[in-house]
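Trainee: Read off the chains here:
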Amino acid sequence: MTHLSMDALVSLREAGQEPGDAAAREHLEGCENCRAELERLHQRVARLKALPALRSGRDRWPEVRARVMAERRHRRNRMAGLVGLAAAASIALAVAIGPVPGPVASSNADEIQQAMDRSQALESALHGYDPESRVLDGRTARIAQELEDRIAQVDRELEMADLMEQQAREPQVLRLWRERVGLLDALMDVHVTRASNAGL
Amino acid sequence: MDSYLLADADRVVARARAGDSDALEELYRAFEAPVYNLARRICRTTEDAEDVLQETFFEVCRSIGRYREEGSLWGWVRTIAASKALMRLRRNKYRETEELHDEVTGRQREDTALRMDLEAALERLSETSRAVVWLHDVEGYTHEEIAAMMGKTPSFSKSQLARAHVRLRRWLGEEVAV
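Line by line, the protein sequences are chains A and B.
Remember, my numbering sits 1007 above the position in the first sequence when you count from 1.
Remember, my numbering sits 69 above the position in the second sequence when you count from 1.
Chain A with its partners taken away, still in its complex shape (with noise of 0.2 Å):
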């Protein structure tokens, strides 16, 4: 007597029905060998299901948020620089076209230029600094993610910002790009007071 092979028993475990399936269930009604072999699959897969679960034996939370937290700082950086070219480019434009008619060209333009220039430089210093390199107390690792929580939070208004009308936006744009440029300023404090207190 020929009986099922495993690949047939393991199909029969499947929810559909598989060519052969039919046939395979009625050898099975009158064989008790292939009935034991059938239960002893279902038995290991529940042995499988129960066997312990393994534990990671290292917190792996502080790599994920450093890289996580690097990444942001890029998309930043990336979106700072956009943003660079795209007032370059209406610069040019307003060059190219000339004094147009309509709103009169907004005084805050230069100051927002500035204050994201800073922004930039501030960021290419703490980029330098290598932050994520370099361990922290338990205090000013808080007080870092507080900060840096607060600037991805000012980069999210700064993207919504970008829908506003432009009389509304550039007030809005202005004061959060001050905001983000003084966030920067103490998150660079934080890790330059603790390196010299720490010696590093």
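Be aware that one or more of the hints could be misleading.
[What the hints assert, rightly or not] What the simulated footprint calls covered on chain B by chain A, stretch by stretch (three residues with Cβ under 8 Å from a Cβ of chain A suffice, anywhere in the stretch; the number is not a length):
| id | segment |
| --- | --- |
| 1 | 99 to 110 |
| 2 | 119 to 132 |
| 3 | 135 to 145 |
| 4 | 198 to 211 |
| 5 | 230 to 243 |
Hints in this document: simulated from the structure, not taken from any laboratory.
Note that CB positions come from ideal geometry on N, CA and C, so glycine has one too.
Since the structure of chain A is provided, determine the placement of chain B on it from the hints.
Mentor: Quick look at chain B alone, frame taken from chain A:
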């Protein structure tokens, strides 16, 4: 499963999407253990499993905005973890474990006399077979889903599963003389 692992999952996801670091950490803490277990069952070493854990949550943090809430949150996280673990297997190009054992100990060895426990038998399966067994029998993925994640056909997944069970049966001493 979501509510079991993470109370108030919807609110945590909404906060995570807004970039809240605390919410991202809550996601990590909620799913860290099952993700590591899945990764460790598929990967050969604890180091690889920990790397998969890290890669998985980095991807979760980056992609949480794309999670559409069509399935369970755990299902979404688990699929990322499984893909990362399978990617790691492909990258490491592990030698098939069974073949390695056979080379070392010789093919004449009486496998039926081994009578391993289930953990040891599972560990002895080849990487691919073990991944299929775990994803299908324990995590409940279909052969079609496993095939899609592995870049293979459903028939490949089915034959790997049957082959793995033949070996497990032998190593566990469950073969019955007919």
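Trainee: If a hint holds in the structure, say so; if it does not, say that too.
Mentor: Status of the hints after comparison with the structure:
1. 99 to 110: Answer holds; 7 residues pass the 8 Å Cβ test.
2. 119 to 132: Answer holds; 7 residues pass the 8 Å Cβ test.
3. 135 to 145: violated (count 0)
4. 198 to 211: holds (count 4)
5. 230 to 243: holds (count 9)
In terms of the numbered hints stated before, the structure departs from hint 3 and from no other.
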